[in-house]
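Participant: Now for the letters of each chain:
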Amino acid sequence: MIRKVAIAVISAWLAIAVLADVLANDRGHAVVGWAPDTVDKSVTPVSPPDGAHWLGTDTARRDVLARLIHGARLTFAVGFGAALLMVGLGLAVGLASGYGPRWLDRLLTRLSDAILAFPIFFVALAVMGVVPHPGTELVVLVIGGSAWPPLARLVRAETKRLKTQDFVRAAEAMGASPVYVVRRHVVPHLMPMLAVALAFGVGTATMVEASLSFLGFGVPDAVASWGGLMRGAAQHLGAWWLIVAPGLALLSLVLACNVLGERLGPASGRLLSDRGAP
Amino acid sequence: MTAAKRVLDVALTFLAITALTFVLSRFAPGDPYVGDAQGGVANDATIAAWHELRGQGESLPTQYGRWLLASLSLDFGRSFIDTRPVREHLVEALGSTLLIAGAAALLTYALAIPLGVYLALSRKKLLAGVVDSGLFVLHGVPVFWGALMLGLTVSASGLLPTRGSFILPVLCLTYPGLARIARYQKAATREAAASPAVLLARAKGLPEALITRRYILRAALTAPLSLLAAELPWLLGGSVVVERIFTVRGMGMLTFDAILRRDVPVVMGATAVVAIVALLSSLVADLLHARLDPRVRA
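Those sequence lines, one after another, are chains F and V. Residue numbering for the first sequence follows the working numbering, starting at 1 and increasing by one per position. Residue numbering for the second sequence follows the working numbering, starting at 1 and increasing by one per position.
No lab work stands behind these hints: they were computed from the structure. Keep in mind the model is a prediction, meaning the values are calculated, not measured. Don't be surprised by glycine CBs; every beta carbon is placed ideally from N, CA and C.
Taking lysine to any residue pairs in the SDA-like style, the calculated list, with each CA pair at most 20 Å apart, reads: (1) F/Lys163 to F/Arg183; (2) V/Lys5 to F/Asp105; (3) V/Lys5 to F/Asp113; (4) F/Lys4 to V/Val137; (5) V/Lys5 to F/Arg106.
Taking beta-carbon pairs under 10 Å as the criterion, some of the chain V residues facing chain F (in silico): (6) Leu12; (7) Phe144; (8) Met149; (9) Ala230; (10) Leu232; (11) Leu235; (12) Ser282.
All chains should be modelled from the sequences, with the hints used to inform the complete structure.
Facilitator: The structure is reproduced here in structure tokens:
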């Protein structure tokens with residue numbers, strides 16, 4: 001039941017993201033008659049909701065609802081992009097650690113321990129603040145590139161366990177190459193874990209992206225994003241229309257991803273209890 | 001892993017992180033050491049002094065080496081913005097952040113451990129289920145949104161000042177860890193309650209209170225300590241967000257402002273201090289866990 005709700009929520013946001021241009025544009029025949037980057041000179045910045053702007057306007061006098069709808073695109077792009085990168089890196093590092101030579105295992109374990117022991121958010125800020133023109137790709141790279149250690153740990157442990165199983169030993173005895181063994185006998189067993197990691201990963205990446213954009217170190221201001229919408233609220237603490245709707249949108253998506261992850265498999269408990277996003 | 005190895009790891013990680021920041025700050029647009037510092041009163045003398053200290057024109061590794069040597073004697077140069085020594089900025093900011101993060105860590109564990117045990121052992125299934133779902137939802141609330149919503153309700157009710165006070169920042173840094181650790185404690189307690197030792201104790205006819213105290217809690221209470229090593233660095237990262245929202249002059253705010261104004265000496269100094277605090281607290285957490293739980297020492 002709850003799983004179906006979660007799938008419905010994710011599908012609904014996906015549909016909104018795909019149809020964003022049809023739902024909100026200023027060419028007429030749209031549900032919301034504003035494009036995300038149209039500046040409405042007839043209102044004051046951060047004006048509260050009224051008949052013209054159902055969810056109010058932001059600091060640059062743009063329609064909040066239009067930006068919310070178009071922001072779903074960015075949320076999915078960054079969420080899935082970063083989560084896929086995270087799963088790819090976690091799988092690669094975990095397999096290399098668990099199946100590769102011992103020196104490599106030690107090196108990679110140290111690397112992931114070091115990343116876990118450091119407030120990555122600080123480094124992410126520094127990277128985003130220092131690179132000349134940070135774009136959406138960099139956000140994906142920074143989030144996905146720093147979130148893999150918990151998954152790599154799980155993959156490593158599971159690979160080490162599988163390595164001692166009879167079917168792997170039999171394959172090795174018959175002369176199967178390491179690549180073949182990993183692809184044919186190890187990776188298929190990891191699939192449930194990877195699915196769980198991907199579901200949680202989308203949720204976490206979405207949260208980190210929103211946090212970075214909220215601070216002004218995420219995607220450029222021209223790109224509509226939920227975190228960017230809420231940035232205006234840091235200066236205008238009373239402007240609830242900048243916070244409530246985008247925040248609830250974010251929360252619904254993150255919770256749906258977490259529910260899905262929790263219901264998908266047994267590895268979830270440990271993945272979830274590793275740290276989330278600031 | 002032995003303590004000596006851990007200490008070596010800490011040193012290596014520190015070098016890697018500061019080197020990374022150093023290289024990054026060189027890639028900043030324009031000449032990172034000149035002119036791009038916005039809105040500051042930095043005069044030519046300050047910038048010249050920084051050049052002198054870091055060895056302008058020399059290779060990147062040499063410059064990094066110079067910075068590292070100077071930092072070891074706690075000389076981080078002077079801010080490009082107000083020309084005060086970076087060390088003074090750091091000392092002022094570190095206190096607030098350590099206070100907030102420390103209070104949040106203590107509060108998190110003080111609440112999460114009893115709550116987790118209660119959720120695992122309670123017979124009131126409905127109430128426990130509701131609390132558990134609440135924690136699940138809390139876990140999905142990003143700190144910045146939680147802080148904004150809290151700020152919104154508090155400023156509307158006028159109960160507390162939203163700026164400068166430490167209460168709201170501490171609350172905002174507590175709830176994510178509370179959700180994580182209480183759920184972890186619950187799982188660990190359930191696991192301990194299902195162990196063969198507990199079954200045997202029950203078969204022997206020991207009183208339930210004794211079983212809980214001696215067999216379940218003793219095995220389960222140290223479990224959330226394994227999360228402490230990751231929790232402390234997380235708190236430092238989260239402090240950037242809450243300090244910005246509640247205008248606390250801590251490390252997060254200092255770093256944030258310095259990055260915005262391209263105040264390279266402050267960015268470098270702050271990163272180095274945050275790195276060392278995070279790495280040391282994570283090291284202490286691991287050693288503490290090993291000390292309290294003999295199963296980890298092996």
